[in-house]
Amino acid sequence: MLKEFGKGLGTILRALFFEKKVTIQYPEQTRPVAPRYRGRHVLHRYDNGLEKCIGCSLCAAACPSDAIFVEASENTDEKRFSPGERYASTYEINMLRCIYCGFCEDACPTEAITLEHQYELSFTDRRDAIYTKERLIEAAPQGMSATPQVTEPGKFTRSVPEMRDPQD
Amino acid sequence: MAKLINLTINGTPVTVPAGTLVVDAAKKIGIDIPVFCYHPKMEPVGMCRQCLVEIGRPMVDRATGQPVLNEDGSPKLQFMPKLETACTNPVSEGMAVFTETAKAKSGQKEILELLLTSHPLDCPVCDKGGECPLQNLTMEHAADESRFIFDEKHRAEKHVPLGDLIFLDRERCIQCARCIRFQDIIAGEPVLGFYQRGRNTDIVTYGEPGFDSIFSGNTSDICPVGALTTADFRFGARPWELKQAASVCSQCPVGCNVTFNVRREAKAGGGYVIKRVMPRQNEQVNEIWMCDKGRFAGYQYTEAESRLMATPAGLDAAVGQAVAKLVESQSETVFLASGRLANEDLFTLKQLAAALHAKTYLYTQHGGGEFTTAYGLTSGADLGALGKGDTVLVAASDLYNEAPLWHLRLKAAAQRGATLIVAAARATKLDEFASFVVRYAYGDEVATIQALPAKDKIGEAIKNANNLMIFYGSDGLGLAGTTALAQSCAELFSISPVSQLTGSPVSQSASFPVEQLTGKPEDRTTEQPEDRTTEQPENRTTRKSNTGLIGVWSTPNQQGALEMGFRPAENLAAELAGKTVYVIAADPAGDDPALAEALKAAKTVIAQDILTTKTVKLADVVLPAAAFTEREGTYTNGERRVQRFYPAVPTRPGTKADFALLAEVAKGCGIALEGRSPLLVMNRLSTAEPAFSGVSYETLSQPAEQWPLIGRSDLYYGGTSYENKLGLGVTLALQPKADRQSSTVSGLRPKENEFLAVPVTKLYDLGATVAPAKLLSAHIERSAVAALHPVTVEKLGLGAGDQLSVEINGAQFTFRAALDASISTGVVLIPRSMGLAISAPALVKLHAAEKA
Ligand code: SF4
Ligand code: SF4
Ligand code: SF4
Ligand code: SF4
Ligand code: FES
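Protein sequence lines, in the order shown, are assigned to chains W and U.
Just so it is clear: in the first sequence, position 76 is 76 by this note's numbering, and no numbers are missing.
Just so it is clear: in the second sequence, position 437 is 605 by this note's numbering, and no numbers are missing.
It is possible that part of the hints are untrue.
Think about it this way: if two alpha-carbon atoms lie no more than 30 Å apart in a straight line, the pair counts; the simulated DSS-like pairs of lysine-lysine are [said to hold, decoys possible]:
1) K321(U) with K79(W)
2) K79(W) with K171(U)
3) K942(U) with K133(W)
4) K942(U) with K326(U)
5) K52(W) with K963(U)
6) K435(U) with K133(W)
7) K919(U) with K52(W)
Because the hints were derived from the structure by calculation, they are not lab data.
Given the structure is predicted, the values throughout are model-derived calculations rather than measurements.
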C-alpha cells in the first residue's frame, strides 16, 4: 500500500522537476498553430489596397452550413472596392454556424477568403457571432488607402486576376 | 394537318409533321442537341455550328428511283462527308440522326473549344452564371483542356450601355445573333446589328436613344451567355439564390405570366425582396416574352416610399371608423373601385354594396364593357392561332403603347397571314404590319367603323373571316366615345358569318337596328344576302373560338370587374356629392381636379389603397391595403382569361388584402362575408357569377405541356423564361347580351384659336404604377410630349422639343411639343397621366410657353 503511494508520488515529483512542462499560461501565452490550421476567416486585399473579394457568392454556395451571406453591388471608377465590375457590398459569416471546413477557400476564384490562425472566438451575444465585412477584412497595406478608392478609368476592368499558368 | 414524317434519332423512332427541324424532333423525345443560335421561336440561321450531328438519309437508286437496300434488307443510308447542323435541317422520311457518335461529339466539342478561346473567365461575376447555356453546355460537352493559347484571348469592352436598360459585355458575346433576330423578327424593332467581322464582331445599337425598343429585356433572357444584362438586376443575386413566385403582370390588360424572383437581403433587414421579374411561359397569353414596362416597373410601385402602412391597432381603428361611417350612411354610400383590384376583392365589394343597398361604380374612362362580356373571347381563344383567313381589327388603339404583348402577337398573326386592319386617327407602330390602315379624324371613330363593311376589300375581309377578332381602345376617346365605339365594333359581328355568336344573331337584337350598320342600306342588301346563303345556317350558330371583342383597358382586371357587373358612372362627379364615398384602388382626385372637388363635396371619403394618393390625402378614413405581390388572387385579362397570382413577399405591417379589409368592414356592419382566404372567396364567386362557373383555384393552377419545351434543365434551348408550373388560367363563359340604347357622342368643333385636345396613352407615363420605377424615368420624360401636326407647330412659332403651353378650362400646363404628321392640324395629342387631367376630348388653347 505504502509502496504504491511512494511510486505515484515519485511519478509526480519526476514530472514536476525533471520533465518539460506542457502547460502554458493562456491567454498570456498562446501556442503556435500549424500553418494549415483553419481558424477564423480573413478577407484579403491586393497590394494596392483593393479588395480581392468580388462578391461572387461562390463561397456561400459552397458552404455546407450556409454560414456565408453575400450581396453584391457594382463598382465604378469613382468608388471602387475591387477590380472589375462587381464587389461585395455585404459580406457576413456566421461564426456559430461555420464548421471551419475551408470549402469557402476552395471555392473562391480570387483567393480572397482564407481561414487564418485566429481561433479566439467568444461572444456574449449571438448577433456578435456574425462577422461583417468590416470585421473580416484585413487592413490596407502600408501606404495604400482602404476602399472605396478613386481609380484611373479603364484600369481595373477584370474581376478575376489573370493567372498565367493555372497550376500557380 | 401537315404530312407526318418518320425518322429515327439515336435509334429511337419519332414521327413529326413535315417541316419540323431535326433539333425540335429530338427535343420531342427528350434528346438534347446543344444549340446556341437556334431558338424555337425563330427561324434557324445556322450561325454557331454547335448543333452538329450525323444525318443519314436513305439512298435512292438514281436509275430506278428505288431505295438501295443493305444486305440485311434495311435501307442503305447515305451520309454527308461532314457533320450537319440539326437546327437547319428539316426532317425527311427515313432519316437517321446520330447525336452521340464519336464524330458528332467531337464536332460539338470542337465548336465549344473554339467559342471558349475568346470567352473571358467571368463566370464568378457574370449575372448569367448559374443559368448560363455556355456554362452548362461546356460542362456537358466540352473538352477538359483547351489547345489554344491563353494569351491570345480576345479582349473587348465590358461595360457598354446599349440603352439605359440593357448593358452589353462585348467579351462575353458569342455572336449568335439571337438578340438581333429577336429585335428584327419578333419585336419588329430592328435596332441591333453586327458591326465589323470575324473576331471583332460587335453588337451595336443604332438610333437615338440606344436600344429603343419596349421589348429589350427579352434579349437578355434569350442571350445564351451573360453578354446582355438588365440594368435592374446587374449583380443583384446569383440565380441559385433566388426563389420563384408565380404572378401575373399588373400593368396592362394582357396579363403576362411572370415570375418574381425573390431573395433575403441584408438591406431589407433579412426579409424577402423582389430582385427581378422574369416572363413565365403561357403560349396563349405572352408566350415566353414580356415587355419592358412589366419587367422594369412590374413591382416597383409596391415598394414606393408612398406605400401606406399602419400599426395593427391603427388598422383596426381605421376599420372601426369606416364601419361607423357605413353604418350611418347605408344606401347613401357610393363604392368606387378600379380594375386594379383582383376578382376576389371585386366580388367581396359587390356583396358588401349589395347588402348595404349602395351603388358601385367602376372607376374607368374606358366604357363599352357590356359588349366585351357578351362578345368577348371565350374558351379556346389564342392570338397565337390567328392566321390565314382570320381578320383582326384594331380600332382606336395604339397597342404598342397600351398593351405591348398584343401588339407583338398581332404583328406575328399578320405575318402568318391574318388580315390585320388598323383603324386609327394617327400613325401607330402596328400600321407597318397591317393589311389595311384606315385613317380617320378624331371624332369620326364610330362612323368609320360603321363604314368599314361597305369598303370593298376591308368589308370582304370582315365578312369572309374565319375568325373575326376586334380590339378597341381609347385613343382620343373618353367614356362616351369608347362606349359608342364598342357598340359599333360589336355590330360588325352581325355582318360577319363567324359571329352568329352564342345563339341569336346580333342583328336581331332589338338594340342594334341593322340600319345603323352603314350609311348606305343598298350596300347591305347587295352584299349580305350573298354571304349568308353561302354559309350553312347550322355552321353559323357555332361560334369560332378566336372571334370576339376585346377592350384594351388601362388596368389589369377591368374585364373581371365588368364580368361581375361593375359599370362606370356616366357623370361620376354628380354621383358623389353628399354621399359617403368608398374609393378602392383608384385615385380620382389625383387624376382630375374636378373629381377632387367632387370628393370634397362628398359627406365622407373612405379610401382604401396601397399608395398615398391625392384621394388618400383628402380621405376621412384610410385603409392601407396589401399589394398584389404580397397576397394571392386572380385577374381576368382582356381576353377573359382568369389567371392566378401568388404571394412573392410578405405583407407589409398594418395592411391586409383588399378582400380581407372589405370583409372586415362588412363584419363590422353586421354582414358576414368570406375574408379568410381568396380561395374561399373564389369558390363563392364561381357559384354566384355565371361567367365564372367552373373556375376554381384548382382549375386555374392546372399546368399543361406547352411547345416549345422551355425552362427545364435546358436553358440553352428557349432561354431563361420560366416554365409554367402553376397554371395557364381559365377563360370565362360568355354572358348574355345586354340591351342598351345607342349612345350619342357630341362632336366637339374647335372655334377660332382653339384646338381639339385628345387623350392618348403612353406606355411610360406618370401613373402611380409606373412613376416609381426609377430606371424608366428617362423613358417617361421622353413620353411627356404633346404631339401636333408640323404645320401647327410652325404656326405657333415653335419647333419640335420646344415648350408648349396648353390651356384647358383655365388650367395651364406645359409640355414639350412633338411632331406627328399623321394627325390633322387642329388636333393636339395629350398624354394621359402626365400631369394634365384629360379624360375625354376637350377644347384647348395653345401657345408657346414663356421661356423660364
Ligand atoms: S469554413 Fe466551411 S462552414 Fe465555414 S464558412 Fe467556410 S465553407 Fe462555410
Ligand atoms: S470571398 Fe471569394 S468566393 Fe466569396 S464572394 Fe468573395 S470572391 Fe466570391
Ligand atoms: S456568359 Fe456564362 S460562361 Fe460566360 S462568363 Fe457568364 S456565366 Fe460564364
Ligand atoms: S449579345 Fe448574346 S444574344 Fe446577342 S449575339 Fe451576343 S451572345 Fe448572342
Ligand atoms: S448552328 Fe445550329 S444551333 Fe447554331
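Quick rundown of the hints versus the structure:
1. The straight-line distance between the Cα atoms of K321(U) and K79(W) is roughly 28 Å, inside the 30 Å bound, and the hint therefore holds.
2. A C-alpha spacing of about 63 Å is found between K79(W) and K171(U), which places the hinted pair above 30 Å, so the restraint is violated.
3. Taking the CA atoms of K942(U) and K133(W), the gap is near 29 Å; set against the 30 Å cutoff, the hint holds.
4. Of the pairs offered as hints, the one joining K942(U) and K326(U) holds, with about 24 Å between alpha carbons and a cut-off of 30 Å not exceeded.
5. Of the pairs offered as hints, the one joining K52(W) and K963(U) is violated, with about 63 Å between alpha carbons and a cut-off of 30 Å exceeded.
6. A hinted pair counts as satisfied when its Cα atoms are at most 30 Å apart, and K435(U) with K133(W) qualifies at roughly 14 Å.
7. Taken as a hint, the K919(U) and K52(W) pair is broken in the structure, with Cα atoms around 71 Å apart against an allowance of 30 Å.
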